[in-house]
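> Sequence:
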Amino acid sequence: MENQAQSSDNAVNDATKELFERIQAGDSELVRQLIGSSDVSVNCVDEHGMTPLQNAAFKGNLPLCELLLAHGADVNANHHENGYTTLMFGALSGNTEVTRLMLQAGAKTSPTNSVGRTASQMAAFVGQHACVSIMNNFFNREQLDYYTITRGFEKEPKLPPNLAPSLHKMILMHNLNPVRLVQYLKNNENLLNEACKIANVLELISEKEMKSKATNDVLAVKMHYLSNVIRQCHKWNMEKTNGVDEFIKFLLRARENDGTRVNMEKLLREIIREFPFHESELFVQIVRNLTDVKIGDEPTALGILTQAVNGARSLEVVNPCSTCGEAKASKKCSACKQVNYCDAVCQKLEWFTHKKQCKRIAEEHKERQEFIQKENVRHKLEEEKKKLEEEKTRLEEEEKRLEEEQKEAQKETITNGTEDKEDSPSPPKDSGTTESKTIEETTQKLEDTTVS
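Numbering of the sequence shown is given in our numbering, commencing with residue 1 and proceeding in unit increments.
Hints are not guaranteed to be accurate.
[Said to hold, decoys possible] Listed next, with one range per pair, are the computed distances between beta-carbon atoms:
1. D297 with K386: 38 to 46 Å
2. K386 with K169: 58 to 66 Å
3. H71 with E375: 56 to 64 Å
None of these hints come from the bench; they were simulated from the model.
Glycine is no exception: its CB is placed at the ideal position from the N, C-alpha and C atoms.
Turn these sequences into a full structure, and let the hints guide you.
Here is the structure:
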């Protein structure tokens, strides 16, 4: 019996070892077979205390993470020797989808490891700023559902339950460009129709985040900002004939001489100024960064707010849409070919103001290209000049060496007392003349390549 038990333990150990090896190899099919057997626990640990899910998260393998979670993996298991959580491993991998999946699965953001850092702090420390943005912006759906239930003497919930899914999606958005937010509301009329209720709920969440034991300035500022943008949408929708379409034009209208969106800048500064919790360190930081910046200069209010909420590297967006700020915009203005757009809709929205800037942008681009071209020519000429100077120096040293050899030869002739020219060593004929001629030619080339 004892031998049978020992054999069984060895089989479990072997199967567990194979599971971790298959995860490292990224072999989804064999992992599926192993966790489906009775010999392996989906929450087993390796020699470092890492679970299969933590190993898969650290590898940034999204399909494996999904597979393990579907089989009951504990996203908050914490047996690691240094206290690293699954969310930490996902964030350290740099895979934003894995990080988001861990959060959606219920991963806690507050636990710290042996050096006292949270998952967000660890990701920032190693430069995974996209994952930091995911964690900073994450808001659990259950926290929002709290407001969909009638409580106390309320006759109806603060938030209609049918609005929770679309509002939650808006809360998780990273793009804080007000035009993008208005577009989202326009496409979700149910939110726009209940704008006042939604704005009130967001302000309640902002207050709760500031007054809770674990204060979350980032989420509080973001909720306040979203609430005010929604209130502005409601105001324009009620007071203007074309509603939010006119609001979008108001935001996009630009100053002709430099393209500055003055209306947007003023509105965002006003929203920031109205944040009620002035003791917030994040609020103080935002205000300090904005104080000495004139409208039209960099950074903009949107840029400062985005960095405060999403992280320091959040502005490094590839090909942002000129209208709504979405990344990886694939279309360009056919005239200036310098401005990016998501699609024809975004291009049409901005055309009323871009057409006044298009020629200037094209000319500025042309001037930049010409300047770059001149700089390249200048650098090339400087390189050639440097090479010619080096060649001139080498030839001068060579001429000097030949002269010294000639002097030495003459001294040797005098010392030996020999008058026979045929027997005496003589320097190469015309060598000095040839070297002098080469130096003159090199000098002439230098003069020809001198950049005025």
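> Now, for every hint given, state plainly whether the structure supports it.
Taking the hints in turn, this is what the structure says about them:
no.	hint	in the structure
1	D297 with K386: 38 to 46 Å	39 Å, holds
2	K386 with K169: 58 to 66 Å	59 Å, holds
3	H71 with E375: 56 to 64 Å	60 Å, holds
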